[in-house]
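Protein chains: 2
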Amino acid sequence: MGTARVVFDRWSDRYAKRMADVRSSAVRDLFAAATRPDVISLSGGMPDIARVPIEEVVAAATSALRDSGLEALQYGSSEGRPNIRSVVVDLMAEVGVRAKLDDIVITAGAQQGLDLLGKIFIDPGDTIITEGPTYLGALQAFSAYQPNVVCIPMDDDGMRMDLLAEELKRLGPRGAKFIYTIPNFQNPAGVTLKPSRRRELLDLAREYDIPVIEDDPYGRLRFEGGHALPLRALDEEVIYLGTFSKILAPGLRLGWVIAPKPVLAKFLLAKQAADLCGSAYAQLTAERYFADTRWRKVLQDLIRGYSERRDAMIEALEEYFPVEAHWTVPAGGFFIWVEMPSFLDLKSILAEAVERGVTYVPGDAFYPDGRGRNCMRLGFCFAKPDDIREGIRRLAEVLEDRLELYRAFADAGALSAAAGITEERG
Amino acid sequence: MGTARVVFDRWSDRYAKRMADVRSSAVRDLFAAATRPDVISLSGGMPDIARVPIEEVVAAATSALRDSGLEALQYGSSEGRPNIRSVVVDLMAEVGVRAKLDDIVITAGAQQGLDLLGKIFIDPGDTIITEGPTYLGALQAFSAYQPNVVCIPMDDDGMRMDLLAEELKRLGPRGAKFIYTIPNFQNPAGVTLKPSRRRELLDLAREYDIPVIEDDPYGRLRFEGGHALPLRALDEEVIYLGTFSKILAPGLRLGWVIAPKPVLAKFLLAKQAADLCGSAYAQLTAERYFADTRWRKVLQDLIRGYSERRDAMIEALEEYFPVEAHWTVPAGGFFIWVEMPSFLDLKSILAEAVERGVTYVPGDAFYPDGRGRNCMRLGFCFAKPDDIREGIRRLAEVLEDRLELYRAFADAGALSAAAGITEERG
Numbered sequence: 016m017g018t019a020r021v022v023f024d025r026w027s028d029r030y031a032k033r034m035a036d037v038r039s040s041a042v043r044d045l046f047a048a049a050t051r052p053d054v055i056s057l058s059g060g061m062p063d064i065a066r067v068p069i070e071e072v073v074a075a076a077t078s079a080l081r082d083s084g085l086e087a088l089q090y091g092s093s094e095g096r097p098n099i100r101s102v103v104v105d106l107m108a109e110v111g112v113r114a115k116l117d118d119i120v121i122t123a124g125a126q127q128g129l130d131l132l133g134k135i136f137i138d139p140g141d142t143i144i145t146e147g148p149t150y151l152g153a154l155q156a157f158s159a160y161q162p163n164v165v166c167i168p169m170d171d172d173g174m175r176m177d178l179l180a181e182e183l184k185r186l187g188p189r190g191a192k193f194i195y196t197i198p199n200f201q202n203p204a205g206v207t208l209k210p211s212r213r214r215e216l217l218d219l220a221r222e223y224d225i226p227v228i229e230d231d232p233y234g235r236l237r238f239e240g241g242h243a244l245p246l247r248a249l250d251e252e253v254i255y256l257g258t259f260s261k262i263l264a265p266g267l268r269l270g271w272v273i274a275p276k277p278v279l280a281k282f283l284l285a286k287q288a289a290d291l292c293g294s295a296y297a298q299l300t301a302e303r304y305f306a307d308t309r310w311r312k313v314l315q316d317l318i319r320g321y322s323e324r325r326d327a328m329i330e331a332l333e334e335y336f337p338v339e340a341h342w343t344v345p346a347g348g349f350f351i352w353v354e355m356p357s358f359l360d361l362k363s364i365l366a367e368a369v370e371r372g373v374t375y376v377p378g379d380a381f382y383p384d385g386r387g388r389n390c391m392r393l394g395f396c397f398a399k400p401d402d403i404r405e406g407i408r409r410l411a412e413v414l415e416d417r418l419e420l421y422r423a424f425a426d427a428g429a430l431s432a433a434a435g436i437t438e439e440r441g
Numbered sequence: 016m017g018t019a020r021v022v023f024d025r026w027s028d029r030y031a032k033r034m035a036d037v038r039s040s041a042v043r044d045l046f047a048a049a050t051r052p053d054v055i056s057l058s059g060g061m062p063d064i065a066r067v068p069i070e071e072v073v074a075a076a077t078s079a080l081r082d083s084g085l086e087a088l089q090y091g092s093s094e095g096r097p098n099i100r101s102v103v104v105d106l107m108a109e110v111g112v113r114a115k116l117d118d119i120v121i122t123a124g125a126q127q128g129l130d131l132l133g134k135i136f137i138d139p140g141d142t143i144i145t146e147g148p149t150y151l152g153a154l155q156a157f158s159a160y161q162p163n164v165v166c167i168p169m170d171d172d173g174m175r176m177d178l179l180a181e182e183l184k185r186l187g188p189r190g191a192k193f194i195y196t197i198p199n200f201q202n203p204a205g206v207t208l209k210p211s212r213r214r215e216l217l218d219l220a221r222e223y224d225i226p227v228i229e230d231d232p233y234g235r236l237r238f239e240g241g242h243a244l245p246l247r248a249l250d251e252e253v254i255y256l257g258t259f260s261k262i263l264a265p266g267l268r269l270g271w272v273i274a275p276k277p278v279l280a281k282f283l284l285a286k287q288a289a290d291l292c293g294s295a296y297a298q299l300t301a302e303r304y305f306a307d308t309r310w311r312k313v314l315q316d317l318i319r320g321y322s323e324r325r326d327a328m329i330e331a332l333e334e335y336f337p338v339e340a341h342w343t344v345p346a347g348g349f350f351i352w353v354e355m356p357s358f359l360d361l362k363s364i365l366a367e368a369v370e371r372g373v374t375y376v377p378g379d380a381f382y383p384d385g386r387g388r389n390c391m392r393l394g395f396c397f398a399k400p401d402d403i404r405e406g407i408r409r410l411a412e413v414l415e416d417r418l419e420l421y422r423a424f425a426d427a428g429a430l431s432a433a434a435g436i437t438e439e440r441g
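Sequence lines, in order, name chains A and B.
Using the numbering used here, read the first sequence as starting at 16 and increasing by one per residue.
Using the numbering used here, read the second sequence as starting at 16 and increasing by one per residue.
Hints are computed from structural coordinates only; laboratory data are not their basis.
Keep in mind that the hints are not guaranteed to be accurate.
Pairs involving identical chains hold if they fit within one copy or between any two copies, as the list cannot separate such chains.
To be verified - Result set (DSSO-like, lysine-lysine): computed pairs, CA atoms no more than 27 Å apart in a straight line: (1) Lys184 / Lys312; (2) Lys209 / Lys32; (3) Lys32 / Lys184; (4) Lys399 / Lys184; (5) Lys209 / Lys399; (6) Lys115 / Lys184; (7) Lys276 / Lys32; (8) Lys312 / Lys362; (9) Lys276 / Lys399; (10) Lys115 / Lys399; (11) Lys32 / Lys312; (12) Lys209 / Lys362; (13) Lys362 / Lys115; (14) Lys184 / Lys362; (15) Lys32 / Lys115; (16) Lys32 / Lys399; (17) Lys312 / Lys276; (18) Lys115 / Lys276.
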């Protein structure tokens with residue numbers, strides 16, 4: 016859209032203060048870039064919906080409309096149709112979470128859940144705790160409610176509990192409105208919170224009396240290793256966000272929230288104010304899809320495909336990427352996190368990468384404060400394995416070129432030092 | 016949902032201050048009441064989607080998925096697909112509004128437009144101007160952003176410009192963040208802003224430098240009389256909200272906003288934070304519906320049906336309702352507004368009405384401050400003509416019973432006064 020060319024206009028001083036903190040979405044620009052045929056997109060988080068059998072969705076839509084047309088086309092209840100919530104009950108039971116129909120509200124993707132949780136909990140200046148880096152859509156949703164975001168670093172086993180404990184001690188009891196975490200195949204880091212830390216996290220949250228929001232879009236996309244129980248399975252006070260975007264299709268915009276009843280009542284008020292109710296048409300289509308199709312087979316096929324792409328990306332990283340690069344090896348989900356030496360600014364390099372035909376997301380998009388510019392998120396979910404390999408090869412060239420420059424400078428610096436002609440520092 | 020039984024719980028003091036002002040939705044409770052078979056609902060605003068030919072929607076959904084499945088099931092652009100925005104361009108051109116593709120963002124019903132406009136414009140304590148009474152969903156959406164709502168009374172020709180002028184004079188230039196109006200077949204009042212007042216409204220808004228938000232869900236549902244140009248047709252700075260809920264079906268949750276480009280850029284940021292993007296599946300279905308079907312014939316059929324129901328309700332009101340009642344006679348849309356003597360509290364009478372098998376919305380739902388309890392909104396959109404007549408007959412009985420009581424008291428008072436045994440006042 017050709018907007019925002021107008022630097023000064025009659026609107027510029029009319030907006031609410033909260034909008035000053037809402038950043039333009041890297042996500043959206045990346046969706047746009049991904050549609051250019053010459054560019055290999057390693058930036059987006061788009062599922063490989065080509066594996067969803069379209070005729071089964073046609074059948075689901077047709078029976079939804081023919082059998083329940085008056086419901087599909089009408090306003091629905093704000094909490095979502097009982098049948099689709101029943102699908103959620105079954106899905107959750109399979110991963111160890113006991114939830115009843117009235118513990119669940121259907122949302123417009125998990126993103127709406129994030130927005131509405133921000134809306135009901137965050138007053139301006141409230142502290143919230145997230146992983147660092149964290150999902151940029153969550154930062155975007157929360158930022159409209161003007162929180163102070165505290166990021167807890169991760170290692171290969173997820174959020175570091177020693178650092179969380181330190182931070183909670185500093186903040187004190189109820190010192191944060193909530194802890195937001197993506198325990199499985201974290202976006203963007205790709206790491207998973209190990210089981211012992213899940214217990215620790217919940218104990219700390221109880222000790223400091225701080226609610227936990229568990230965002231779990233990728234939980235069912237595990238390639239290997241054992242299933243870790245969701246936090247919500249261990250503690251019924253946990254607020255859980257799920258989505259149909261990764262097990263069916265994002266085009267339906269269907270997700271869900273599971274929460275303690277008082278929270279859900281508040282959430283529902285916010286949902287009504289936001290859109291009255293979700294789409295009964297989309298909900299009925301999903302109901303029929305889960306009732307009538309072999310959706311588990313489709314999901315297995317998706318997992319197999321993502322796993323192959325993860326392997327292709329890891330192999331290519333090992334083959335092409337400079338020795339200075341470090342990356343995570345996710346056991347599921349969509350993303351790999353790459354860290355480069357701190358002097359490399361991957362945001363400034365992005366334009367060059369796009370010119371060479373590959374995109375990624377610079378790491379600072381996943382922090383609230385400009386950190387992470389020497390990092391990047393690589394998505395292996397959307398591009399085909401051969402394209403992933405080629406994309407990584409192109410990206411490696413860009414990085415190597417830049418590193419060459421630094422190495423040359425470093426060598427020059429070393430030579431200068433050896434010759435005794437170092438600059439004085441001011 | 017069996018929530019909110021817990022009066023004191025560990026969550027009650029954790030919510031953001033903004034949620035204190037968000038009231039429970041009368042709309043939602045009414046949707047629930049409307050599903051009881053023994054009760055005639057004159058309360059809801061549900062369109063008569065039984066008139067939408069289901070096989071044409073099946074065909075639209077099928078071709079959307081077969082021809083464009085990879086798009087229908089994937090994330091889409093935040094502003095909405097070009098094709099559905101192109102449908103909006105054509106629809107708007109037919110009512111005299113010139114808008115280009117990039118003047119438009121597709122929303123999850125017009126309700127999302129209201130929420131996001133509140134989000135981008137309203138700081139706590141900001142004044143906004145609405146009609147009084149006004150759409151309760153707008154009050155609910157805006158209330159989360161903690162505005163001071165100033166209501167301007169209406170007469171049979173819409174918002175009273177003399178009273179608006181007075182209020183603007185009191186508030187001064189830029190004294191309100193925006194003026195929110197439903198110029199056509201207003202919800203709940205049923206009245207239409209006459210053309211000369213449209214000019215006046217825009218002149219006043221320009222004079223006091225206050226943006227105008229035009230909400231126009233019912234504009235195309237005109238039963239008689241001439242078409243009045245939308246405010247947006249007269250002034251391109253007007254922010255316009257439209258919806259597919261009344262010309263196709265609310266179950267798709269599709270609406271749109273037309274706004275000046277800087278506003279639209281801000282709106283889009285809020286939209287991304289709220290749900291990333293709308294449903295491509297719903298958008299494609301609507302695109303095919305408008306491209307492939309005789310949707311104008313369906314719309315004509317809807318208008319004819321609503322017109323008959325409006326007639327049935329007006330006739331029944333004339334036949335059954337007490338002489339003390341006054342009502343508006345809408346030339347389109349869904350609603351009639353009834354005013355009773357000020358001593359009648361229609362909120363307290365509602366339970367009795369439901370017991371006798373009819374529902375309405377008490378007038379205070381449409382004010383931010385408890386006014387309007389002697390008024391009610393009656394919807395003629397959903398019930399069949401015979402049910403409307405029977406519903407009005409039942410409701411008239413409830414009102415007559417209550418009025419009898421008052422008349423008896425009044426007579427007793429008159430007798431007492433005549434006998435010189437009036438009570439002393441404390």
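Do the hints match the structure? See the list:
no.: 1; hint: Lys184 / Lys312; in the structure: neither (47 Å within a copy, 67 Å between copies)
no.: 2; hint: Lys209 / Lys32; in the structure: neither (39 Å within a copy, 36 Å between copies)
no.: 3; hint: Lys32 / Lys184; in the structure: between (31 Å within a copy, 26 Å between copies)
no.: 4; hint: Lys399 / Lys184; in the structure: neither (46 Å within a copy, 64 Å between copies)
no.: 5; hint: Lys209 / Lys399; in the structure: neither (30 Å within a copy, 59 Å between copies)
no.: 6; hint: Lys115 / Lys184; in the structure: neither (35 Å within a copy, 55 Å between copies)
no.: 7; hint: Lys276 / Lys32; in the structure: between (32 Å within a copy, 19 Å between copies)
no.: 8; hint: Lys312 / Lys362; in the structure: neither (40 Å within a copy, 54 Å between copies)
no.: 9; hint: Lys276 / Lys399; in the structure: neither (43 Å within a copy, 37 Å between copies)
no.: 10; hint: Lys115 / Lys399; in the structure: neither (39 Å within a copy, 36 Å between copies)
no.: 11; hint: Lys32 / Lys312; in the structure: neither (48 Å within a copy, 47 Å between copies)
no.: 12; hint: Lys209 / Lys362; in the structure: neither (31 Å within a copy, 55 Å between copies)
no.: 13; hint: Lys362 / Lys115; in the structure: neither (45 Å within a copy, 34 Å between copies)
no.: 14; hint: Lys184 / Lys362; in the structure: neither (34 Å within a copy, 51 Å between copies)
no.: 15; hint: Lys32 / Lys115; in the structure: neither (39 Å within a copy, 29 Å between copies)
no.: 16; hint: Lys32 / Lys399; in the structure: neither (43 Å within a copy, 48 Å between copies)
no.: 17; hint: Lys312 / Lys276; in the structure: neither (34 Å within a copy, 46 Å between copies)
no.: 18; hint: Lys115 / Lys276; in the structure: within (11 Å within a copy, 45 Å between copies)
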